[in-house]
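S.K.: These are the residues of each chain, in order.
There are 2 protein chains.
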Amino acid sequence: MYIPTANIGESLEKGRLTIAVIGLGRIGLPTAVSFAEAGAKVIGIDINAEVVSGINVGRSRFTDEPGLNDRLRKVVTNGKLKASTRIEDMAGADAIIVAVPTPVDDRKTPDYSYIKSACENISRQFKGGSLIIIESTVGPGTVEGIIVPILEAGSGMRAGKDFGVASCPERADPGKIMRDMVNVPRIIGGVDGRSADVAAALYEKVLGTKAVKVSNPKTANAAKLMENIFRDVNIALANEFALLYEKLGIDSMEVINACATKYNFVPHYPGAGVGGPCLPSNSYYLISEGVKVGNIPYLVRFAREINDRMPDHVVTLVEEALNEVKKTVKGSRISVLGLSYKPNIKDLQLTPVERICSELKEMGASCAIFDPYCIGETAFGFRVEDDLRSAVKGADCILIGTAHDEFRKLDLGMLARLSNSPAAIVDARHVVDPRRARENGFFYRGVGRI
Amino acid sequence: MYIPTANIGESLEKGRLTIAVIGLGRIGLPTAVSFAEAGAKVIGIDINAEVVSGINVGRSRFTDEPGLNDRLRKVVTNGKLKASTRIEDMAGADAIIVAVPTPVDDRKTPDYSYIKSACENISRQFKGGSLIIIESTVGPGTVEGIIVPILEAGSGMRAGKDFGVASCPERADPGKIMRDMVNVPRIIGGVDGRSADVAAALYEKVLGTKAVKVSNPKTANAAKLMENIFRDVNIALANEFALLYEKLGIDSMEVINACATKYNFVPHYPGAGVGGPCLPSNSYYLISEGVKVGNIPYLVRFAREINDRMPDHVVTLVEEALNEVKKTVKGSRISVLGLSYKPNIKDLQLTPVERICSELKEMGASCAIFDPYCIGETAFGFRVEDDLRSAVKGADCILIGTAHDEFRKLDLGMLARLSNSPAAIVDARHVVDPRRARENGFFYRGVGRI
Chain A
1 MYIPTANIGE
11 SLEKGRLTIA
21 VIGLGRIGLP
31 TAVSFAEAGA
41 KVIGIDINAE
51 VVSGINVGRS
61 RFTDEPGLND
71 RLRKVVTNGK
81 LKASTRIEDM
91 AGADAIIVAV
101 PTPVDDRKTP
111 DYSYIKSACE
121 NISRQFKGGS
131 LIIIESTVGP
141 GTVEGIIVPI
151 LEAGSGMRAG
161 KDFGVASCPE
171 RADPGKIMRD
181 MVNVPRIIGG
191 VDGRSADVAA
201 ALYEKVLGTK
211 AVKVSNPKTA
221 NAAKLMENIF
231 RDVNIALANE
241 FALLYEKLGI
251 DSMEVINACA
261 TKYNFVPHYP
271 GAGVGGPCLP
281 SNSYYLISEG
291 VKVGNIPYLV
301 RFAREINDRM
311 PDHVVTLVEE
321 ALNEVKKTVK
331 GSRISVLGLS
341 YKPNIKDLQL
351 TPVERICSEL
361 KEMGASCAIF
371 DPYCIGETAF
381 GFRVEDDLRS
391 AVKGADCILI
401 GTAHDEFRKL
411 DLGMLARLSN
421 SPAAIVDARH
431 VVDPRRAREN
441 GFFYRGVGRI
Chain B
1 MYIPTANIGE
11 SLEKGRLTIA
21 VIGLGRIGLP
31 TAVSFAEAGA
41 KVIGIDINAE
51 VVSGINVGRS
61 RFTDEPGLND
71 RLRKVVTNGK
81 LKASTRIEDM
91 AGADAIIVAV
101 PTPVDDRKTP
111 DYSYIKSACE
121 NISRQFKGGS
131 LIIIESTVGP
141 GTVEGIIVPI
151 LEAGSGMRAG
161 KDFGVASCPE
171 RADPGKIMRD
181 MVNVPRIIGG
191 VDGRSADVAA
201 ALYEKVLGTK
211 AVKVSNPKTA
221 NAAKLMENIF
231 RDVNIALANE
241 FALLYEKLGI
251 DSMEVINACA
261 TKYNFVPHYP
271 GAGVGGPCLP
281 SNSYYLISEG
291 VKVGNIPYLV
301 RFAREINDRM
311 PDHVVTLVEE
321 ALNEVKKTVK
331 GSRISVLGLS
341 YKPNIKDLQL
351 TPVERICSEL
361 KEMGASCAIF
371 DPYCIGETAF
381 GFRVEDDLRS
391 AVKGADCILI
401 GTAHDEFRKL
411 DLGMLARLSN
421 SPAAIVDARH
431 VVDPRRAREN
441 GFFYRGVGRI
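Taken in order, these protein sequences are the chains called A and B. First residue of the first sequence? That's 1 in my numbering, and the numbers climb one at a time after it. First residue of the second sequence? That's 1 in my numbering, and the numbers climb one at a time after it.
In isolation and in its complexed conformation, chain A is listed as follows (with noise of 0.2 Å):
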């Protein structure tokens, strides 16, 4: 039963194994056509029929991710890549790769609709001996009590008996998935070991990085979501000391460079917050456990609280800074740069240049936003702005949202010339230098820095 592993790599490439890959986004599309690439057949199974119909024409949304455009259109081309919205088109995979979102809800519970539904779906589908494998970040326990029950009675037949089921974490960075994926090693916990041994030869064989087998699905879970909450506590932490530090006349980002010349120190930079799919809900997944066993991570909910919270520091850097110049929030006008969550990608997901734009507008002033990612489009109920130079055209104060490329080269000297002198910079991604933005006539002030 199951896949065997010891053939795995002539099966793969002689086109014997069919591999099925649920959810097409920034996980689950790489993940596919990598596994076309060493050979398999793959089907792509996404709900959202555009992503399904670009993809079968090898577009891909992620332009962010370098060289995945490329990858798709050759696998597509050659017929090893379909893509469906249609879950029967899976039947007869011999794995099934799970990549779908796993959010929190409003009240910062975790959201597990969308996998339940995947799992119920593949239940009704998917064939003994296979090998269902879940990328998607789940809180420990979740694989064992939830998504295996589901499969079971959907199916009739027991995991570990009839089929396998795997844990294996994604782990890894938006904006470098195609670098990540071949780099970092797989965590897998399997439901029994042969789960494992198969999942980790799958993954071995098509990714060429190390496998790193674990006792069960709960402890790969638990190794996921640990790795990003160290993150996520770091930041806070480096928050935490950046709000002291302006307040104590000393600048942050001389201290962490000092700091950073120890070897057992590992440098986290203050900013305007946490985004995207991972850190701003890792935690919950973790404190939700906590809390059915009554040992709640008030450390690890704490720091969620603090980085939450940093949306509002910024606009009271922004409401300080006008004030200097002797001019309200109200009726001015404020150029966000960079809206993405981190540098260099395309991704607005809980950014928080969200948070802090809706608060600005709430507050009286008209914003004009940029991301030289968003070009066109309309963020926050925003239109972008169609370059920079517009962007900053008579702003009272420039904001700087995300530490981008583009955004570490600013000409500070054009940006005096187009502003509405006196104007302020508001830097929360530390990419301005204090000083240079004081000798070309903005009042500056930065998050943690003096």
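Don't take every hint at face value.
[To be verified] Residues on chain A that point at chain B, a partial pick, calculated with CB under 10 Å:
id : residue
1  : THR219
2  : ASN234
3  : LEU248
4  : ALA258
5  : ALA260
6  : ASN264
7  : VAL266
8  : PHE382
Simulated from the structure, these hints should not be mistaken for laboratory data. Ideal Cβ placement from N, Cα and C applies to all residues, glycine included.
Guided by the hints, dock chain B onto chain A, whose structure is given.
M.R.: The following block gives chain B in isolation, referenced to the frame of chain A:
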């Protein structure tokens, strides 16, 4: 004025510079030795007469610092280093390095009495043109707000004009002081540029390490605190995860080691808590400055609480483990292996093992304590056993308190034969393999382990 930076190398080599080091502890003594080796005439001052007389015959307390004793003996023999209890003996020094302890009091408030007293004494002795270097860890603003005023009041001179002041916080790790002193760059902030330049030139010349100059003493002190608080918070995070994983039936070590395969994750491990001169107190120096400006770093504060409560958790594990073998803490013999707050050094300062032993004694256990670094001594009111065998003999529970290398290769078969079967092992430092402990008949519990 001050020592000229241009010929510092020559001045040192020709024995033209006199350096005073105030406080001959784990940091002060190696510093004094290094300056003496570089050619300076060094006078070391300490209030402890026993410490001073030991040093003057070439003997240091820090036998756990590889190389220190040999190097001390040489510079004492060649007359380059002399120790004294008399502060007057430092008169005429070109540079005065202050390395006295800065602990916190029972109410977790920084206790600057030693450094204030040292600086009052210095203020009446030092000559114009000299440079005073603060290596002791202090809160940001303490040098500017407390130390400089003391030095100016006592001397009638002006800092930054008649004499120099720089912060150059030590960044060395106990047990690796000699190595870290030459490898870890020094962060230096002066009250003026010249103070920083001279301090940087001295340390670069004497230690061969890089100097990282920052804007002022408070920035240097903030960096020193931040790098230790980073560790304290991350250890607290590991502990918080460990407590939750115990309840979820997940092994922390398996999770952490899996996470460590990602490039941006840095492993920290759960345990019995933290100790020593830095981690239990450094956070409070920052919190204390935060309180003054109405901006308390709660994440930092909360992390302290988590780490401080870990000894209680270890005691709970002992209770639970003994319960499983149908024994009570009262009347049990508990063998405590490892007393130091960290591995492979002799340092009982604020070690969490002390609280564990006190609580167990309070509950009616009889503790047999053992640490290879403290044989024949008395610790926490107990006599340290002469060897491992006598410590373990008749034990109902063996508790690992410190991950000394000696304990990483324990003969579990021998321990089983010596202990009072049925016996338990409680491992607070993940040095014992749970499976092997169970194979040898022990009931096993470990912090964060299943």
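S.K.: Look at each hint and say if it fits the structure.
M.R.: Against the structure, the hints come out as follows:
1. Interface hint status for THR219 of chain A: upheld, as the beta-carbon distance to the closest one in chain B is roughly 5 Å, under 10 Å.
2. The criterion of a C-beta within 10 Å of any C-beta in chain B is met by ASN234 of chain A, whose closest approach is roughly 7 Å, and the hint holds.
3. Checking LEU248 of chain A against chain B: minimum C-beta separation of about 6 Å stays under 10 Å; hint holds.
4. A cut of 10 Å between beta carbons decides the hint on ALA258 of chain A: the least distance to chain B is about 4 Å, and the hint holds.
5. Checking ALA260 of chain A against chain B by beta carbon gives a least distance of about 9 Å; that is within 10 Å, so the hint holds.
6. A hinted interface residue such as ASN264 of chain A counts as satisfied when its beta carbon comes closer than 10 Å to some beta carbon of chain B; here the least separation is about 7 Å, so the hint holds.
7. Against a cut-off of 10 Å between C-beta atoms, the interface hint on VAL266 of chain A holds, since the closest Cβ of chain B lies about 5 Å away.
8. Because the beta carbon of PHE382 of chain A sits about 33 Å from the nearest beta carbon in chain B, more than 10 Å, this interface hint is broken.
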